[in-house]
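Trainee: Chain by chain, the residues run as shown.
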Amino acid sequence: MKNFLTTSDLTSDQLNQLIDAAFRFKGGVDNSQPVAGKSIALVFFNPSLRTRASMQIGIQELGGHAVILEPGGTSWTLEHREGAVMDGDKTEHVAEFVRVLGRYCEAIGVRTFAALKNWDEERTDPILNAFAKHSEVPIINLESAMQHPCQALADMMTIREKLGSERKRVVLTWAWHPKPLPMAVPNSFALAAAQMGHDLVIAYPTGYELGEALMETITQRAAASGGGVQVTKNIDAAFDGADVIYAKSWGAKQFYGTPEKDLAARAQYREQWIVDEQKMARTNRAIFMHCLPVRRNVIVTDGVIDSPASVVIDQAENRLHVQKAIMSKVLSAEY
Amino acid sequence: MKNFLTTSDLTSDQLNQLIDAAFRFKGGVDNSQPVAGKSIALVFFNPSLRTRASMQIGIQELGGHAVILEPGGTSWTLEHREGAVMDGDKTEHVAEFVRVLGRYCEAIGVRTFAALKNWDEERTDPILNAFAKHSEVPIINLESAMQHPCQALADMMTIREKLGSERKRVVLTWAWHPKPLPMAVPNSFALAAAQMGHDLVIAYPTGYELGEALMETITQRAAASGGGVQVTKNIDAAFDGADVIYAKSWGAKQFYGTPEKDLAARAQYREQWIVDEQKMARTNRAIFMHCLPVRRNVIVTDGVIDSPASVVIDQAENRLHVQKAIMSKVLSAEY
Amino acid sequence: MKNFLTTSDLTSDQLNQLIDAAFRFKGGVDNSQPVAGKSIALVFFNPSLRTRASMQIGIQELGGHAVILEPGGTSWTLEHREGAVMDGDKTEHVAEFVRVLGRYCEAIGVRTFAALKNWDEERTDPILNAFAKHSEVPIINLESAMQHPCQALADMMTIREKLGSERKRVVLTWAWHPKPLPMAVPNSFALAAAQMGHDLVIAYPTGYELGEALMETITQRAAASGGGVQVTKNIDAAFDGADVIYAKSWGAKQFYGTPEKDLAARAQYREQWIVDEQKMARTNRAIFMHCLPVRRNVIVTDGVIDSPASVVIDQAENRLHVQKAIMSKVLSAEY
Numbered sequence: 001m002k003n004f005l006t007t008s009d010l011t012s013d014q015l016n017q018l019i020d021a022a023f024r025f026k027g028g029v030d031n032s033q034p035v036a037g038k039s040i041a042l043v044f045f046n047p048s049l050r051t052r053a054s055m056q057i058g059i060q061e062l063g064g065h066a067v068i069l070e071p072g073g074t075s076w077t078l079e080h081r082e083g084a085v086m087d088g089d090k091t092e093h094v095a096e097f098v099r100v101l102g103r104y105c106e107a108i109g110v111r112t113f114a115a116l117k118n119w120d121e122e123r124t125d126p127i128l129n130a131f132a133k134h135s136e137v138p139i140i141n142l143e144s145a146m147q148h149p150c151q152a153l154a155d156m157m158t159i160r161e162k163l164g165s166e167r168k169r170v171v172l173t174w175a176w177h178p179k180p181l182p183m184a185v186p187n188s189f190a191l192a193a194a195q196m197g198h199d200l201v202i203a204y205p206t207g208y209e210l211g212e213a214l215m216e217t218i219t220q221r222a223a224a225s226g227g228g229v230q231v232t233k234n235i236d237a238a239f240d241g242a243d244v245i246y247a248k249s250w251g252a253k254q255f256y257g258t259p260e261k262d263l264a265a266r267a268q269y270r271e272q273w274i275v276d277e278q279k280m281a282r283t284n285r286a287i288f289m290h291c292l293p294v295r296r297n298v299i300v301t302d303g304v305i306d307s308p309a310s311v312v313i314d315q316a317e318n319r320l321h322v323q324k325a326i327m328s329k330v331l332s333a334e335y
Numbered sequence: 001m002k003n004f005l006t007t008s009d010l011t012s013d014q015l016n017q018l019i020d021a022a023f024r025f026k027g028g029v030d031n032s033q034p035v036a037g038k039s040i041a042l043v044f045f046n047p048s049l050r051t052r053a054s055m056q057i058g059i060q061e062l063g064g065h066a067v068i069l070e071p072g073g074t075s076w077t078l079e080h081r082e083g084a085v086m087d088g089d090k091t092e093h094v095a096e097f098v099r100v101l102g103r104y105c106e107a108i109g110v111r112t113f114a115a116l117k118n119w120d121e122e123r124t125d126p127i128l129n130a131f132a133k134h135s136e137v138p139i140i141n142l143e144s145a146m147q148h149p150c151q152a153l154a155d156m157m158t159i160r161e162k163l164g165s166e167r168k169r170v171v172l173t174w175a176w177h178p179k180p181l182p183m184a185v186p187n188s189f190a191l192a193a194a195q196m197g198h199d200l201v202i203a204y205p206t207g208y209e210l211g212e213a214l215m216e217t218i219t220q221r222a223a224a225s226g227g228g229v230q231v232t233k234n235i236d237a238a239f240d241g242a243d244v245i246y247a248k249s250w251g252a253k254q255f256y257g258t259p260e261k262d263l264a265a266r267a268q269y270r271e272q273w274i275v276d277e278q279k280m281a282r283t284n285r286a287i288f289m290h291c292l293p294v295r296r297n298v299i300v301t302d303g304v305i306d307s308p309a310s311v312v313i314d315q316a317e318n319r320l321h322v323q324k325a326i327m328s329k330v331l332s333a334e335y
Numbered sequence: 001m002k003n004f005l006t007t008s009d010l011t012s013d014q015l016n017q018l019i020d021a022a023f024r025f026k027g028g029v030d031n032s033q034p035v036a037g038k039s040i041a042l043v044f045f046n047p048s049l050r051t052r053a054s055m056q057i058g059i060q061e062l063g064g065h066a067v068i069l070e071p072g073g074t075s076w077t078l079e080h081r082e083g084a085v086m087d088g089d090k091t092e093h094v095a096e097f098v099r100v101l102g103r104y105c106e107a108i109g110v111r112t113f114a115a116l117k118n119w120d121e122e123r124t125d126p127i128l129n130a131f132a133k134h135s136e137v138p139i140i141n142l143e144s145a146m147q148h149p150c151q152a153l154a155d156m157m158t159i160r161e162k163l164g165s166e167r168k169r170v171v172l173t174w175a176w177h178p179k180p181l182p183m184a185v186p187n188s189f190a191l192a193a194a195q196m197g198h199d200l201v202i203a204y205p206t207g208y209e210l211g212e213a214l215m216e217t218i219t220q221r222a223a224a225s226g227g228g229v230q231v232t233k234n235i236d237a238a239f240d241g242a243d244v245i246y247a248k249s250w251g252a253k254q255f256y257g258t259p260e261k262d263l264a265a266r267a268q269y270r271e272q273w274i275v276d277e278q279k280m281a282r283t284n285r286a287i288f289m290h291c292l293p294v295r296r297n298v299i300v301t302d303g304v305i306d307s308p309a310s311v312v313i314d315q316a317e318n319r320l321h322v323q324k325a326i327m328s329k330v331l332s333a334e335y
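Chains as they are written, first to last, in our numbering: chain V, 1 to 335; chain E, 1 to 335; chain W, 1 to 335.
Please note that the accuracy of each hint is not assured.
Derived pair list, reagent style DMTMM-like, types lysine to aspartate or glutamate, alpha-carbon separation capped at 25 Å [stated by the list, open to error]:
id : chain 1 : residue 1 : chain 2 : residue 2
1  : E       : Lys117    : W       : Asp89
2  : W       : Lys133    : E       : Glu209
3  : E       : Lys179    : W       : Glu70
4  : V       : Lys133    : W       : Asp306
5  : W       : Lys162    : V       : Glu136
6  : E       : Lys117    : W       : Asp87
These are computed hints drawn from the structure, not numbers from a lab.
Using the sequences and the hints given, assemble the complete structure.
Mentor: Take a look at the structure:
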């Protein structure tokens, strides 16, 4: 296994070793340059700030060069289906795209969001998996339709940095947003928190459950690591005694393809599901987390995100350090 | 003060020291690499050739890495207003954007043009100032709604390079253009010329005066540095005896929000206000300057821009050298 | 001569020397860094994957920095006509654009596709030639309206790599495509194959001949190098005994400006002109080549492109090596 597609491909021990490595980069203890003189491609089907900047800088700090490509923007549009007769709008097949990049680069990072159009198709992460299938060099998932493992690893590093290595009450809480968003971040956060053995609570209103197959994996991993998983529709109860509040909006699986129905269904939850000072007061002096970008006074109030409880900037900084650890690992001989 | 937002934050002596440093880079005397192994972010809300290329190359020549971000293009759209309820089209607040970038980079350059929609708002340079307010690392102005200090410093370097350090008759002359343009370049050129103690003449037709507050600052700085400031609507008189002709088009403050009115008002000035051979013949063998990009045979005739008097390419080259001086200074301990 | 615009500016010996140099880079024998500490600009008027990635990485492997500019995208739109009154939508003239870049960079690569609107104008490669006319540093053609010499050199290197240096039966075969495409690749491939002394066959249906002036040059160069040139409308006969099948679609000169007529004319050729297993069986165990991106099951069947005969990925890899050879040569003192 040479790719980094989801944390579930790794054991809890392996995840902790990656976090250890990230702390060595952050602390300036590890200054190794395993990518010296080499290139890594970053393929963005969707816009990016943190990922683009932190990957580019991480690669350069590891001694290498980042090559950024934006298919559909400054490059071509890509077909990923096997056997397609390509007489439509797609100009190149992933089969050629990734094999050519693999001749120029040591690894390929790829970002490809869910389009929120077809749950049954998108839940299988088809574009990410086409990259992994055809590539002869390691693929690093920079957020796919269903997973954002670099973010999840930065999240786990941040929890350990702020609260230590003990089991914590970690709450993933849905929030209203003016349009349906992908589930990659909540999926990966919940999965990684379960793998880390935390006491995970997932709070969302009716209709916003995560995918069934993923919930099964999460439950298994929690059991294996001595953690727990709880699901609730009571946001106040969720906040009670929490050590970590992780806010995130996502779209409902049942409304993939009909965003207007999702917006109608969620309208009633706007006021109740925002993270505000009142709800934070119920917690065990919890830290507030979000992957960014965040819509202020929609997902979270200014009062909370600007409070000392907010660790969102540290969390974003840790993206840089974990990604350096991931790249070093993926490109090492023993991975 | 760690930012570089406008030349008026610096004394004339400090500006001259920056120009001295730029000459040392240009002459190959200074080969220091104060950014070695570090990154600087360049945030472009608007397109760029000279600034993008010269900043990227300048950073690399100083030993560092440039990270280019284009919010709204390949990245997110940004909110800058305090307390906003972000349920519209803006996906991230400057407060998070710049603090995250500050964790990855040593400094942030930002380009954000005037939209020419609302004079009272844009004259305060709100986006640039939001960057400066929230950032924990130095902000470098790569052209904001009201200032383009990197350009102005390159302009002053070019005048000194071509004509020496003495006080010169320096004419900033408005020109017709098929659409209203921002005032950042004329503002910063006039301000810097006044700070350098030149005999500044600003020529424009009725209605195209610069902002009142800026004109007050310009007058004060000219007085302090032994220079002079004159305003005229007579373009022929302005050219008489000039040592420097600096052509630039800009929109009228009164027509912010109504570009069609500006175009109607300016139509009559097209023929009269172009820089041509006849007008150049009135000068004291003046050099011709423009910040580029320039529309040939609209702002200036081919005959003038292709003549030996034209120094526009040297002026553009000097952007590289002054920006290296600015970055070195901004990142130095004593700034 | 300091530019690299078309292979016809070079002798067969010079082309072979460039290929020799490319093999030294590929084999790791040549690790020189002739661009150390310097910058090369890459100007893309059109999208790019292979060229962008391979040029950027090639420059970095030669020790330098790539500066990527996209006029019309993240930069300005450019005028190239002499004497133009620039009161339309073009914001800068090539005269300023390239001279400024030349102050920052050692060389300028430029990609500018044919628009397929006006044959008489585009056949003269006006934008590429405006770059060459005004630039004070070498211009490298990264695919212009009429030529793609970097591709052609990689193609010749690949033929030598796979089949040795002997004269081969090299077939350039037209294919159906859902829209008319530029002729730069077939032009440059045919020209370079003739210069290399191959036995060149160009196969296309009625109406799709290459330009007359180019065909004259091809015939002359073939004669000079001991090669041959044949044109046929019989695709089966073309494949008989071929050593190399090079598939490419292009638009008809006569239909520049009327793409719908081209599409109507070509519709009848779709089934017959695809490269499939049956046609490949007629060859002398030929290798299959294409410049990529390629539309699977339109230009070529999955069966052929996925077979051992297909060398398209090696061909794309060789872009990197020949471009390093070209840049080294162009920037060397003796070129």
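Trainee: Are the hints correct? Go through all of them and say.
Mentor: Structure-based check of all given hints:
1. As the CA atoms of E/Lys117 and W/Asp89 are separated by approximately 21 Å, the hinted pair is consistent with the 25 Å bound.
2. As the CA atoms of W/Lys133 and E/Glu209 are separated by approximately 40 Å, the hinted pair breaks the 25 Å bound.
3. Distance restraint check for E/Lys179 and W/Glu70: the Cα-Cα separation of roughly 23 Å lies within the 25 Å cut-off, and the hinted pair is therefore satisfied.
4. For a cut-off of 25 Å, the pair hint linking V/Lys133 to W/Asp306 stands: about 14 Å separates their Cα positions.
5. Between W/Lys162 and V/Glu136 the alpha-carbon distance is near 21 Å, which keeps this suggested pair within the 25 Å criterion.
6. For the hint linking E/Lys117 to W/Asp87, the alpha-carbon distance of about 22 Å falls within 25 Å, and the restraint holds.
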